[in-house]
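S.K.: Listed here are the chains, written in short residue letters.
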Amino acid sequence: MIQSGDTAFILICAALVLLMTPGLALFYGGMVRSKNVLGTIMQSIIMISLVSLEWIYLGYTMSFGPDVAGLIGDMSHFALAGVTAAPSPDYATTIPHIVFMIYQCMFAVITPALITGAFAERVRFLPFIFFSLLWSVLVYNPVCHWIWGGGFLATMGVLDFAGGLVVHVTCGVAALVACIVIGPRKGFGKRSFIPHNLPMTLTGTGLLWFGWFGFNGGSALAADGIAATAFVSTHIAGMAGMAMWTMVEWYHSGKPTTLGAASGAIAGLATITPAAGFVSPNSAVIIGFLGGLLCYLAVLAKNRFGYDDSLDVVGIHGVGGLVGTIALGLFASTAINPGGADGLFYGNPSFLLTQLIGIGVVGGYTLVVTWIILKAVNAISPLRMEENEEEVGMDTAEHSESAYQA
Amino acid sequence: MIQSGDTAFILICAALVLLMTPGLALFYGGMVRSKNVLGTIMQSIIMISLVSLEWIYLGYTMSFGPDVAGLIGDMSHFALAGVTAAPSPDYATTIPHIVFMIYQCMFAVITPALITGAFAERVRFLPFIFFSLLWSVLVYNPVCHWIWGGGFLATMGVLDFAGGLVVHVTCGVAALVACIVIGPRKGFGKRSFIPHNLPMTLTGTGLLWFGWFGFNGGSALAADGIAATAFVSTHIAGMAGMAMWTMVEWYHSGKPTTLGAASGAIAGLATITPAAGFVSPNSAVIIGFLGGLLCYLAVLAKNRFGYDDSLDVVGIHGVGGLVGTIALGLFASTAINPGGADGLFYGNPSFLLTQLIGIGVVGGYTLVVTWIILKAVNAISPLRMEENEEEVGMDTAEHSESAYQA
Amino acid sequence: MIQSGDTAFILICAALVLLMTPGLALFYGGMVRSKNVLGTIMQSIIMISLVSLEWIYLGYTMSFGPDVAGLIGDMSHFALAGVTAAPSPDYATTIPHIVFMIYQCMFAVITPALITGAFAERVRFLPFIFFSLLWSVLVYNPVCHWIWGGGFLATMGVLDFAGGLVVHVTCGVAALVACIVIGPRKGFGKRSFIPHNLPMTLTGTGLLWFGWFGFNGGSALAADGIAATAFVSTHIAGMAGMAMWTMVEWYHSGKPTTLGAASGAIAGLATITPAAGFVSPNSAVIIGFLGGLLCYLAVLAKNRFGYDDSLDVVGIHGVGGLVGTIALGLFASTAINPGGADGLFYGNPSFLLTQLIGIGVVGGYTLVVTWIILKAVNAISPLRMEENEEEVGMDTAEHSESAYQA
Amino acid sequence: MKKIEVITRNYKLDDVKEALTGLGIKGMTVSEVKGFGRQGGHKEVYRGAEYQVDFVPKVKIDIVIDDELVSDAVEAIAAAARTGQVGDGKIFISPIDDVVRIRTGESGSEAI
Amino acid sequence: MKKIEVITRNYKLDDVKEALTGLGIKGMTVSEVKGFGRQGGHKEVYRGAEYQVDFVPKVKIDIVIDDELVSDAVEAIAAAARTGQVGDGKIFISPIDDVVRIRTGESGSEAI
Amino acid sequence: MKKIEVITRNYKLDDVKEALTGLGIKGMTVSEVKGFGRQGGHKEVYRGAEYQVDFVPKVKIDIVIDDELVSDAVEAIAAAARTGQVGDGKIFISPIDDVVRIRTGESGSEAI
Ligand SMILES: Nc1ncnc2c1ncn2[C@@H]1O[C@H](COP(=O)(O)OP(=O)(O)O)[C@@H](O)[C@H]1O
Ligand SMILES: Nc1ncnc2c1ncn2[C@@H]1O[C@H](COP(=O)(O)OP(=O)(O)O)[C@@H](O)[C@H]1O
Ligand SMILES: Nc1ncnc2c1ncn2[C@@H]1O[C@H](COP(=O)(O)OP(=O)(O)O)[C@@H](O)[C@H]1O
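Protein chains in written order, with my numbering: chain A, 1 to 406; chain B, 1 to 406; chain C, 1 to 406; chain D, 1 to 112; chain E, 1 to 112; chain F, 1 to 112.
Since the hints were made in silico from the structure, they are not lab data. Just so you know, not all the hints are guaranteed correct.
Claimed, not checked - Going by beta-carbon spacing under 10 Å, a handful of chain A positions derived as facing chain C:
1. L16
2. T229
3. P382
Source: prediction; values computed, not measured. Just so you know, even glycine gets a beta-carbon here, dropped at the ideal spot from N, CA and C.
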């Protein structure tokens, strides 16, 4: 039966998650050079239309339609057939089915948008659209089904509260593959790529944090104690991530930076995502600290390896999702969420193993399929901008616009 | 009886709609030249105080007070008399009456703010205040009463879920009249009027979309299946509008622009507004596409006609509201909302006629009254800035401020 | 028992209040010179991690733990012991206890962030962190306990709906002490300190207003009639404050400014905060007008006194909180909120006296303890930046960053 | 060779550019500047504090050309930029010893 | 006529302007520039990557005046802009062949 | 003394700076400018309205040096800034009568 409190909550949470995509656009947009800010924003916001359209025809039914062999949903919900204002019998039974559908849509939208940070400032718009669409269909939808739609990983007992695997590990792995295939920006390692507008990035951070409450809190699919737990651990891990990154950076490079504080917050928030509704607040503090620390180290490490993951999608989302998924294997507690599991620290080492298998499967699958998609798209329409267009910048070269006039 | 779920939902939706006014301020502010950005923002945000004040003394009771001859509400609710924390017997019976009142207030605030895009960059602040106040009292309040307050159009069966007529058609028609009466900006057709800060416009777009969930979803006045339908069709039409505008522009002028994506989104969102809670998701896709396409064409057409609707209020809100109101006459379905109607495509051509009459009445009334108000205000205090003040810009000339310092 | 409507509402309200801190960061950030914008933003957002961490270990239990002699909470809830997804027996009994905890956390976060406007553009980050932490522990937590945690002021009958005393008077008094102890900016009175980006300040204003609905509305701790009352009076006082400041400034200095409109809005919102759930909408209009007028005068007066309260924390938050707390003593009505009190205008002069005692106690305590903390911190690590670092700006000197690149 | 520095109103930039290209001048360099002069400034008010802002936005256009083109160019620029109101701006003419085109290494008149 | 180009600290602009108006000089043109010199720059750090930023914000003031005013002007400017710290900046003096006032077409000293 | 004005691509600034410091030149002043030249501009489209934008972002570098350093400096700059594509920019050389260091009051070559 429909509960107005739950329905109100998930509708507002869906709105919050939608807001994360423009929030991400600002977060990323502030970090690029001013000649690429519109192109960067566009790569995020266009996902709202591209992926939403895909979602209502294909994505929802592939992800949440009746299961076929543990691998994918069937076409029963093509064009939202059977998805009405009555509750689904399977998912979120106290809210209208379409509310569940639209809430999940917002997750599908932001995931490919997250990847764009890896190849910022150098990709053509048309092949980028092809890539994102194919990736949503071939990577996001199946993985989403495996874990949240009753697929084989769900059956195995892999847990992911709000998208550590489905969102962050997939986008992190895709980011790594993409920035290697596409290659570094012109002048990488020689010229300095300094963020053109950090207040914009910080505004985006604020909106992301705000939206993340909908992302993690809403994943309880009801306004109940689990939502409360998820909401609280989200805030706690975000602040712990910010605290940790700030302190480590202060110690390590001499000054605490605002970009560091923002990065640490996002790292903490990404890290808690898979675990949010399954762990205690005190565990969330530790998970947030771990996220802040390990993502900081990952970002530093990148500078050694020399690939140009321009806005650190691998270091923050990939590593965050990875660390959080493992941490869930350690800190999960059925005392907190009886629908969850106990982790290693609660006497159940096998759950940690399950989580590691989940990471292996999702990571491996994403890596291979992303690589194939990139190669295929490149063969049809090269992703990389031409040298002098890259010099001119995406805003004029790809969109015939200028971001700023005096 | 008060339901906490519904009350929570409408309170948050009211907050979301409030946020649309600063969102609009950024949307518009980014599109003007930097010397006019503060003046443009001011024209939106001052409505929050001007119209809210008007609303609690006059507007609410004119719009929603007991009906007088189908034309206007009486003065029973002057200064919110009888509007308390108990539910209204007439409207939204599961939430406190004051919640309904404040939710409706937010709609009254944003409508005249929308008009300001038509005469951006050239109007004096004092007569602008007179105009907006008179317009709210003489246009918004009556039309609102006719359709939502039990007036004669409601009796006739005209439907408008969340403001296609009440908000978008009124502001679109007023915009057309106003930009013709006030005349084009100095240098129009010769100098180029390029947006000074598109990331600001895109930030505003994000906030508008976010707020629109409250605007349309909340118009169900409860957290129920209708709210779910309205919320979902809002998102769907927004994304379809964005997709369509982007594609048409890409095809037509060679590149997809970010301003185009934003414009298409707003067009789609405006177009679905009257229909949101009355149509199926699949109809919403078509309505969104129509909105994106027809608003694009309308904006192009403007360049032919040569009037200076500076930020395309007519082309986007006017045409969007018009198309959506007609589309509702086509796509409305009582299977989706038993409290609604069936449209032409569901076997009921008379409803389409009703909608067309609604457009005629609202459009005609708005046109005449807006024209009279403009002439009257101009007679007392000329709306148009003096030539050299327009050159200097509104920020210093009207507000003694500068937006930016190096 | 947990109500989903109430839980949904307070969770979303907590998210709204969180958003106020980045909103404040923008509000303040736009008003400083561009070389200090990151440092200013950082002083707000770092509170999210600093104070949240303090809150879960110390703050919550000091504020809301079992009362010790009316003065402070004991350590029962250290590290959130006993704070679970079950409702608290004492506070907000229809929502999970952790929801109450996290909602209150957001208030603790923003209060020290508000103070930073007083000493903007001239303070070193490390001692600033010490100051803020000590202030949270030694001023915020006790005062919060006295009024909201069952301490002696609550027992005496002092009322404060959402933080007129707990938030605004404490931060206003602390601001006054701090800007006197720290001294004026270099060049104060000679050079002009003009806001570097007013659209940023106006964006922040919009987010603050939006969040304030959560701040005041959520302080009902349920989605009920009191929440409705608080929400409505918040909007009304905000708009009345904006209207009043704009008019007075227009009359007094010749032009209405956007910074004035924003300042008036914040003044009105701050002023209604203690009274929001206890007064009628018509009283809220008057309170908002009073807030707008008196805060304007206070800001003008500052220019006479010659202390450098750079972003007018005293004039707006201090005076707003003061005026609102007194106004509550005048306008409170048990007809509106039976759990409240009757004020002077409702025949109960003794309640006004109680409120004045509340102001005296909170103001006096804050003044003394803030002064001691500042002196202590200065002795260990001087708060004031060195002259040439102040010239260079906080962004490079304190954070090794630049906000903007061409 | 001479350098012509034009300081004028922002919105006259396009007119001046057209006037110059009309004379066959193919290059110029533009920057945003703030001017102080007879035109005067304006008052700004921030929370009750008044500031006199004496500087108004102007555009500066630098053109390096051969000596024989100077008088035509100056006339064309003045005609294009003139509104007759105070604040139309100035044209400064100064000597240039040499010019080098970076791309080719050419110098002197060749390089312009 | 001469052009005096002053490159100095941003916050000295008002002082220099007052010094010049004190001498009866009624016009000048200002632009924001970045300077490289003995003053040195600073380090910036973005996600662990360190950059040395060698350029510091400065203001450039151009004043065209008659030859006889030059030495007074230079002295007044230097006095107004001096702090004694490295980075106070420079004054460059260069020849101007002619000046035209766009509004009136006047040229030479008349036009300044 | 001479002033060398370099107008070139933004991203060549660091290279030019290094080339100059390599010659022992310790100061320069940089500003952002927009250039019009053979390189051409681009089209921009806003809601269906097309605009031709002729100006491209460039950087201007001013260096005042002693006469004997000029030819070396010009060569070094040209080498550092050259890409061989249209739009590499120009170097203008003009006379400077005198230089004053504000901090010390020194003038002439001393002051550079
Ligand atoms: N002596 C000068 N040196 C440099 N620039 C000047 C000088 N006088 C005027 N200017 C520039 O020319 C602009 C216009 O000058 P102004 O005196 O306002 O009007 P007009 O050019 O009509 O005489 C000023 O804003 C300033 O930028
Ligand atoms: N040779 C030069 N050519 C052009 N500008 C210079 C030159 N030397 C210095 N400058 C400018 O003067 C500013 C101040 O110079 P600097 O060496 O830092 O200190 P000081 O003026 O005290 O000697 C520099 O930032 C730069 O803008
Ligand atoms: N006559 C000129 N006067 C001033 N600046 C010029 C002149 N010609 C070119 N420039 C500047 O030099 C830049 C490069 O010139 P351009 O003609 O595009 O290419 P190239 O330098 O390769 O010949 C222009 O963008 C402009 O800023």
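S.K.: Compare the structure with each hint and give your call.
M.R.: Structure-based check of each hint:
1. L16: holds, 7 Å
2. T229: holds, 6 Å
3. P382: violated, 29 Å
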